[in-house]
Amino acid sequence: MSSYKKQATVMLKTARTPLELRLINHRFETVAYGVGTIKKKVAPGLYQIEVRSGSTSKREYIELKPGEIFEKTNIDLPIQTIAPVSGAINSHETHGYPTEHITKTPNRHYGEGGRLVLIFRNVGQDYQKPIDISTFELLDTNFKLIDDLLPENATTDGGLIGFSGDANPGGYVLRNRTEWEPNRSTQDKPMGADLPIWVEPDWMTIVFIPNLEDRSVPSLRFASIHMAPIWAGFYYDDGSQINAAVELALSGLRQGRSVITKSMLSMLLNEKFTNPMLGIIGAQAILLQANPNWNLFDTVRRNLKKIIPNHPDVTALFVSGKERRGNESRSRVKKLDFPPMLAEGYRGAIERDAEEPGLIVGNSLADQAASRLYQQGPWTLWKPFEFSAETGIDASLLEDIAQIERMVSSPTTPLTDNVSQLWRSVEKEGAPSTGTLSDPEVRYVAEFMQRTAQNESTQGAVRGAKQSYTDEFTTIEIKTLSKTIGLPVSSVMRAIKTITEQGFSNKE
Amino acid sequence: MNKQHYALVIGIDRYPGISDLHSARKDAESFFNWLIDPKLGAVPRKNIRLITTDDAETPPGTPRRKAKPVRDQVEDALFELWDMCRTHITDEPADWFNSRLYVFGSGHGIAPNPQEAALLMANAGPDHYGKNFSYAKYLSWFQKAQFFHELVFFADFCRERIANAPLLGPTWTEINNHNGNLLTVRGLATYFGDLAFEEEPDDDDTVNPDELRGYFTKALLEGLNGQAIDPDTREINSQSLATYVTERVRILTKHRPKPQVPFFVAEPVTPTVTFRKNVPPHEAVAQRHTVTIIFPPDFAAEVVLLDGNLKKIDTHSAADGNWVVSLGNGLYRVAPTDGENTFANAGFFEIIGAERNVEL
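Top line first, the protein sequences correspond to chains A and B. Using this note's numbering, the final residue of the first sequence is 508, and nothing's skipped along the way. Using this note's numbering, the final residue of the second sequence is 1360, and nothing's skipped along the way.
Same shape as in the complex, but just chain A:
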């Protein structure tokens, strides 16, 4: 006798391409998984269909009888988006169309060649509530004030405040002095944050900063950034749902997951000529995949390079891709003096800098912000600090890449001599108390030394024979140190210089 039961067929399809689907059996095991679609033959029984976008999900029960063909299309999930896009439950026409208008009608002037648009908006149920933007200001790359973002200079419209101005191409910094409100975990001090924004010639960069219901000021870490040609502006109801797809892709990036399907990627990639940011996000999502489609990645990157050649995120994509593939050749790209906007891209560039010292320009904002990063969302955010490109290590040390490479690979150069000196002082005087060091670069390097020193007894046991700290430390190439600590080579060099010149007197 056979206990064979005719199987049931399940065909599922989501209304939005990037939604995740899972078919879960009565023992709570996942029997089928897909992004956008599932087609699967399964044993008859009780099941659950789970649809997920980022951390939002819902489930539905189904009963599948023997031989049944269960088909459900148009599966949807109410999503909330930061940019006002058609179809999202928190995108009101009263925000969508004013946004379009603001992107096309400048009310500020920051230069010529590109355009910068900042939209603060309520994204909760009470979309008319007042928005306090008094903690925000727009700065240039030297942290000089460009616009204090007074509401009276903005276009306001029912829970939305918009600034739009033609702008010189290049980098800008949007600062929120109270990104984190005082609470116990921040020791009763508000904590500010800076968001880098890049403006490319002939393009507008549009930053949507949400005013969330549970916070008193808008939050940079939940921002969405889009791009559009200056002549076109931003479209609320773009018909293709491309903007919603991007919002969902960003939601995936927030969780470090790539939930992008080929069809979604092709949608993103086809759209890159009207919104290159979508191509950047799509390519970054490819890099998050376990087995990236390198042909697709290279196609996207090449196209992006053609249309926005100076964009730091495009450079970051290129070098991150090389690092991921283990390609050791030096990159022929514009060096990064301004941080990429996507945090994953910035991290990738920092990692690559250990292989290609000088990729991140020494003393630049991209170099000095690296030790102050928050990692709270898909975008690069750092803790505000006093920045001056004039301080740091000697510029002459950084001019010649070959020289830097010699320095980081030879144990006999002045720089590695500094390391030896430093380490000798640790041997003599003990490891520094890293908790009192205020400069994060110095603290990270000192912390590494402290830990290495304190574990000497353990290491001795492993090695079998004790080596001198100095011998051991000087055999650590600076690029290894850079990779271990996660800072650009020039940041590590600067920290070593500071410690050797000032000792560990750099206290809080």
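Hints were generated in silico from the structure; no laboratory data involved.
Dumping the calculated BS3-like pairs for lysine-lysine here, alpha-carbon to alpha-carbon at most 27 Å:
{"#": "1", "chain 1": "B", "residue 1": "Lys1311", "chain 2": "A", "residue 2": "Lys6"}
{"#": "2", "chain 1": "A", "residue 1": "Lys483", "chain 2": "A", "residue 2": "Lys497"}
{"#": "3", "chain 1": "A", "residue 1": "Lys383", "chain 2": "A", "residue 2": "Lys335"}
{"#": "4", "chain 1": "A", "residue 1": "Lys72", "chain 2": "A", "residue 2": "Lys41"}
{"#": "5", "chain 1": "A", "residue 1": "Lys65", "chain 2": "B", "residue 2": "Lys1311"}
{"#": "6", "chain 1": "A", "residue 1": "Lys65", "chain 2": "B", "residue 2": "Lys1312"}
{"#": "7", "chain 1": "B", "residue 1": "Lys1258", "chain 2": "A", "residue 2": "Lys13"}
{"#": "8", "chain 1": "A", "residue 1": "Lys322", "chain 2": "B", "residue 2": "Lys1144"}
{"#": "9", "chain 1": "B", "residue 1": "Lys1258", "chain 2": "A", "residue 2": "Lys129"}
Now the stretches of chain B that chain A is said to cover, found in silico as 3 or more residues with beta-carbon under 8 Å:
{"#": "10", "region": "1240-1253"}
{"#": "11", "region": "1306-1314"}
{"#": "12", "region": "1329-1335"}
All C-beta atoms, glycine included, are put in the ideal place defined by N, C-alpha and C.
Chain A is fixed; fit chain B onto it per the hints.
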């Protein structure tokens, strides 16, 4: 006893630089108790290092800098374990296949990147998030060193993306061995960037505060104690445990604005890591739960209860009142024997880890 099983168990309640927790230490102690139970974890006591907040060493009011435990304590304890195992395996190479390292951590945590889950040490705080114990980096070291055949890492802590927190791996010399394929299980309380929660006292104080746990630990221990039995094999393995813990935590945190979703990675997927074999049938029976099915007031017809394979479990007349049944974990459905199914959720309901009332 599993003589070549080793365990590092950490529970940190006191964080002067962040905020104190209530149940992390108890989480660790509960897991420790599971480990040393000869019928459960069966790990020799001498093979376990339990590191928890010591009230004498870190009393309330201790400044952040002086708070303990700190990372070096953890690394030293871990070193003792792998050194013990290495010494034994050198003499008895065949025992390598029976070796396992458990790492359990409960406290505050961060995840600067998607692969990471780093337990914050007691002396961590804003600007000091580098004081952590990086699961990914230590796991990677052990994967190369291959002192243990099986690596089982559980993390009951948040995985918040926090400032550029340095993740400095082991300071031991890198060791590469080639003993064979390793089995690795990572059970994390939450997805990258998300929060993990503790149980909270009831408003009416009916729950003993000492019995409160992190939701992940609660589900993990329930699963290891028997709820995660695979009914086909009568064993508790990494897959059945992952399924149970994930669903149970989802149910336990359903009341929260954003339910907690654990994240399990088992590499390779097969063969699985087995925590208990041949679980006695009476224990499996004990994993059934009392379920009270409550019918709508105006409903008095006959109903049938189906299991997940659409097999009829029993029938009942709603005119006789509530229906009390004993069911194991799974998905079920109640349907009228005649007519349309107008019950709440169309009569579907889930049972996982606890008794419940099902209001139709």
